[in-house]
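**Student:** Given next are the chains, with one letter for each unit.
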Amino acid sequence: MSGTQIKNLVSMLNQIANNNNYKKTDEETAKIVANHLQKFWAPSMRNKMTKYLADDGPELTNVSKLALAQLK
Amino acid sequence: MVNYYNPATEGTSNQPKFDVNKDYGTPASKSTETVCIEIDGVTLTVAEGTSVLRAASMADINIPKLCASDNLKAFGSCRLCAVQITGMRGYPASCTTPVKEGMVVTTQNNDIAKLRRNIMELYISDHPLDCLTCSSNGDCELQDVAGAVGLREVRYGFDGDNHLDAKIDDSNPYFTFEPSKCITCSRCVRACEEVQGTFALTIEGRGFASKVSAGTSDENFMSSDCVSCGACVQACPTATLMEKSVIEKGQPEHSIITTCAYCGVGCSFKAEMKGEEVIRMVPYKGGKANQGHSCVKGRFAFGYATHKDRVTEPMVRDSIDEEWRVVSWDEALAFSANKIKNIQAKYGRESVGGITSSRCTNEETYLVQKLIRAAFGNNNTDTCARVCHSPTGYGLKATIGESAGTQTFESVMKSDVIMVIGANPTDAHPVFASLLRKRLREGAELIVVDPRTIDLLNTAHINANHHLPLKPGTNVAMINAIAHVVISEGLEDKNFIEKRTDEYNAWREFILDEVNSPEAMESITTVNAEQIRIAARAFAKAKNGAIYYGLGVTEHSQGSTMVMGIANLALATGNIGREGVGINPLRGQNNVQGSCDMGSFPQELPGYQHVSDDLLRGKFEKNWGVTLDNEPGLRIPNMFDAAIEGTFKAMYVQGEDILQSDPNTQHVQAALSSLECLIVQDIFLNETALYAHVFLPGSSFLEKDGTFTNAERRINRVRKVMKPLAKYADWEVTQKLSNALGYPMNYEHPSEIMDEIASLVPSFSQVSYKKLEEQGSIQWPCNEEFPDGSPIMHVESFPIGNGRFAITPYLASEDRANKRFPLLLTTGRILSQYNVGAQTRRTANQTWHKEDVLEIHPNDADERGINDGDWLGITSRAGDTVLKAKVSERMQSGVVFTTFHHPISGANVITTDSSDWATNCPEYKVTAVQVEKVTSPSDWQTRYKKFSAQQKEHFKRSPKKEKTTIGR
Ligand code: SF4
Ligand code: SF4
Ligand code: SF4
Ligand code: FES
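Chains A and B supply the protein sequences, listed in that same order.
With our numbering, letter number 13 in the first sequence gets 30, and the count goes up by one each step, no holes.
With our numbering, letter number 793 in the second sequence gets 1417, and the count goes up by one each step, no holes.
I should point out that these hints are in silico values taken from the structure, not numbers from a laboratory.
A portion of the hints provided could be inaccurate.
[Said to hold, decoys possible] Only pairs whose alpha carbons sit at most 30 Å apart, straight line, appear in this in silico DSSO-like list of lysine-lysine: (1) B:873 x B:791; (2) B:1395 x B:1474; (3) B:1395 x B:1243; (4) B:1123 x A:41; (5) B:1123 x A:40; (6) B:1246 x B:1021; (7) A:48 x B:1167; (8) B:970 x A:24; (9) B:1021 x A:41; (10) B:1118 x A:41; (11) A:82 x A:68; (12) A:40 x B:1246; (13) A:56 x B:873; (14) A:56 x B:970; (15) A:82 x A:41; (16) B:1443 x A:24; (17) B:1118 x A:40; (18) A:82 x B:1118; (19) B:932 x B:1394; (20) B:1576 x A:56; (21) B:970 x A:68; (22) A:56 x B:1443; (23) B:970 x B:1021; (24) A:56 x B:1474; (25) B:1569 x B:1508.
[To be verified] One-sided excerpt, in silico: chain B residues whose CB lies under 7 Å from chain A: (26) 1227; (27) 1256; (28) 1265; (29) 1269; (30) 1433.
[Stated by the list, open to error] Take a look, some chain B residues computed to stay more than 12 Å from chain A by CB distance: (31) 643; (32) 804; (33) 898; (34) 974; (35) 1234; (36) 1255; (37) 1262; (38) 1431; (39) 1482.
This one's a predicted model, so the numbers in the text were calculated from it and none came from an experiment.
All C-beta atoms in this analysis are idealised placements derived from N, C-alpha and C, irrespective of residue type, glycine included.
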């Protein structure tokens, strides 16, 4: 897995969270983010992120972690 | 002018009551009141305000005229249209005399005839009598009128004082100005003012000494304000202003109506032909998008289609270090299919994908995505709209339920306040800009939200202008501040909000937050708060407020948020669902709207139907006879990332030059060189093709049938005027590739593809080629509810029921100016060039823009000791390149600007991969850079030149491919 790709995916993920967290709890935002990933991200991209999370996902924010945990 | 009869488009049942090929002399009256008059014994009922000339013409009584034309206000200078009217003295000019109830008009008798002959005699005595060798012979109104009035002798002789030896001005590459043939009718001057809105021409001097001039006396057309739109050439009744192509080749003999393949305005043209050769393109008066006007690209820059660089034979190679081998079509397709199959067998179904083209027809785009989904068996399809208007899709769908502009272009003529955000219509959508300027001259107010002082702000004869020169990357802060003013000052449309929207209260609370006030945002947008308040009030108080926006809105990390912010403003002020208002994305390329509609995006099947919806997907599975993937595929930037990572191995790219147009060039180069099979289908060996293994020759818009959908959702017909140079139209090539892959496609004509689209896409359900022939064009949705199409959308309700307000907090762009990169680079385009320039660079449009330059504000230039023409090194965190300096006050200090029309400029070497959060649309409009004087090209440029030269070696042209160039 290339480092830049992970870096890109992480920053995209965090970006989605930051644009959808206005006056929301982390759980609420995570739901929106998970929904967005389901709708717009290819499964291979989502899988990379869930794997990264399983490996501790150091760069992920709390919301991103919560969102990834919800993915089917 | 010659009148053409085109059985393909005219003479069918539902044609407009009037003949678009006829010049009625003066514009139609808009009045609904009618008046009854008698002309030459014929009783007529016409609209009040109609001229006598037009009224007569409608009854096919054709009064001679020279200075009148129905796209210009009547001027009354030639007097040839003189008539007699009972109760009026003398011989009034019928073009300037409006009809009155009970009027009795005589258009022909001996006295009138004598008067007209006398006038003609005067004209002809100062006119060269070289009719037989004149370029206008057969298409000259002066000739026609001389014939009509029966001129037989010229008593004055030809040796008096005259203008016969006036010098020809051939400075413009496309037309000449031959003053000796000028009859000073001023149609050119008025066309430049009224139709184009440029005011480049004047009539200088008085009486006999008067002559047409492009600015000061020693100036020629090329050095004047002229933008080469050609409106004056079309208006000129003589050979004075004449296309060079006609001078060289003679008058065309037949014409076919088709659609311009450059920008999202989608102008209709008559391709005037001699055999299979286009002699000239004349904007078609019956075209609803352009109503007989055009810009320099569509009218003149068509020569690329037959340029000698066209590649007309398929080529293959195993590696990009090898020479190309010219092969037969069958071989090239078998080679491609084999590679794809082997790659999928080795790396999996997901390892291949493709890119559809926003320049190709709807039918072609539809086929490419169908091939990817059905024959590749995955959803790895995307289109260049990813890099321009994908946020429009996301943002509008979320707020108003349909990802398309809500209006017709014509709607702007009813707007009172027009807000233009991040768009430069005079350069990127010129024909719409002319209409917009016309409305501004009629008194509408203009609000421009843009870092640059765009040319629209310099419109002649307009009243109220607001310019909000915000810092790049702060759009959302600005739109929130505007909405904050509207709500906090109680200027919202309460009725509309209550009846037509949801989620207002939450949004209201958000927008009223002090952080969104213009005062709080001042430090972010750098625009004076009071200025914002004044503009916001003007917009909110307007009876009709319309918003037009372009890539300056979408190409940001908050592009989608901004689109929703725009929708919020339109909803809050009730500016949706009627003429004169609306949300109007100005689309870049000719078929961006169409390529989005046709299912180019990885998550959506044609008609924006999500792949995960079993019911919707089921419909397609049944029709296509395959099982489709129910998960979204990769988007372009994701494909690049996956290619570098080694999981994505093959790509089929139709009609897009992703290497030049996509951001962070070095990243794209790395991705493309990791592919095992890159199939490029294009009319030229473009930059992307330097990395290709298969080259499939494409066809230009002149070589195929199909449709384009413009920025007003208008589906326009594209008609074949010549055979494809490489034997097949693009849709045929895709079909053959699909067959080679084992997924059968058997369309005989693009109309069958449209029928399939209509059966699968609800908003297209009643679209057919037959209906297109009848109506000329159709604005979707066109279905049972709207059988004739929908000029204005959302009149009663939205596809999602009510409009939805979206919460749109401002977040700073990640690429902010800092110590190391203190300036912000923003990119854009200019009038004469188009996108990556592959077409326009191969025409005389080069005359206007030979190279990309870096525009820099005098303050920033001074600080760095930069002068006009210096070589500048521009560095960002992605890379660096070298461009020539142009010191310009169009920029604010701290912001630099460039275009990306030339590959060697490497503008996209500097743009980064930061992108819109929702759609990955790249942030072209904000890149933090440093600029300094340098003496040599950048390393990248040197490397690229070398690579490019090497690739040229690999491309050995077979001699039989040399083709003649037309239109220059
Ligand atoms: S070409 Fe267009 S801009 Fe130039 S002078 Fe003619 S009408 Fe004006
Ligand atoms: S150049 Fe043509 S249109 Fe212009 S004034 Fe002369 S004759 Fe009329
Ligand atoms: S480039 Fe655009 S404005 Fe110009 S002629 Fe073509 S469609 Fe019309
Ligand atoms: S046409 Fe009426 S005065 Fe010229």
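**Student:** Taking the numbered hints from earlier one at a time, note which ones the structure violates and give those numbers from smallest to largest.
**Tutor:** Failing hints, ascending: 2, 7, 12, 13, 18, 19, 20, 22, 23, 24, 34, 35, 36, 37, 38.
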